[in-house]
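> Sequence:
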Amino acid sequence: MKLILTADVSGLGAPGDIVEVKDGYGRNYLLPRGLAIVATRGAQKQIQVITRAQDTRRVRDLDHAKEIKAALEGLGGVTLTAKAAAGSKKLFGSVTSSDVAAAVKSAGGPVLDKRAIELPGHIKTTGKHSVTVRLHPEVTVALPLEVTTAE
1 MKLILTADVS
11 GLGAPGDIVE
21 VKDGYGRNYL
31 LPRGLAIVAT
41 RGAQKQIQVI
51 TRAQDTRRVR
61 DLDHAKEIKA
71 ALEGLGGVTL
81 TAKAAAGSKK
91 LFGSVTSSDV
101 AAAVKSAGGP
111 VLDKRAIELP
121 GHIKTTGKHS
131 VTVRLHPEVT
141 VALPLEVTTA
151 E
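Under UniProt numbering, the first residue of the sequence shown carries the number 1, and numbering increases by one thereafter.
Be a bit skeptical, because a hint or two may be false.
Result set (DSSO-like, lysine-lysine): computed pairs, CA atoms no more than 27 Å apart in a straight line [stated by the list, open to error]: (1) Lys124 with Lys83; (2) Lys22 with Lys45; (3) Lys114 with Lys128.
Using C-beta positions, here's what the derived DEER-type ranges look like [to be verified]: (4) Tyr25 with His64: 31 to 37 Å; (5) Lys2 with Gln54: 44 to 50 Å; (6) Leu75 with Ala150: 17 to 23 Å.
Treat the hints as calculated values from the structure; they're not laboratory data. C-beta: ideal position from N, C-alpha, C; glycine also.
Produce the entire structure from the sequences given, and follow the hints as far as they go.
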């Protein structure tokens, strides 16, 4: 089945790409979610519109990503409080990317999408950790995170 992607699909392509996928994947996943449209002659014209919009947005996003990077680096580090056993460094549960996004926002930083935050595995102990924020394919930020206990 030939489809034209309307959104970025990991492992498949970027918006505007014409891809050949299996029928079930196209019918049951890509089309219902609006990630692709069926490749027809009329849809070829839509590709041009999608790519033009993507090009203008990409330049704006790169500049915006650099601004957000500067704001995150200006914060220095972010402190996150979590529940832990008394006298222990082990947390009840683990720190999630949405917890990190909320901690950045409460520290006076920009609002981040939780999907842009990459944790170095499961954070289940207090202490200092490093979190990567992928703002753009060309812009990433290493954010120092300190996890403390709520006392």
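> I'd like to know which numbered hints this structure contradicts. Please list them from smallest to largest.
5
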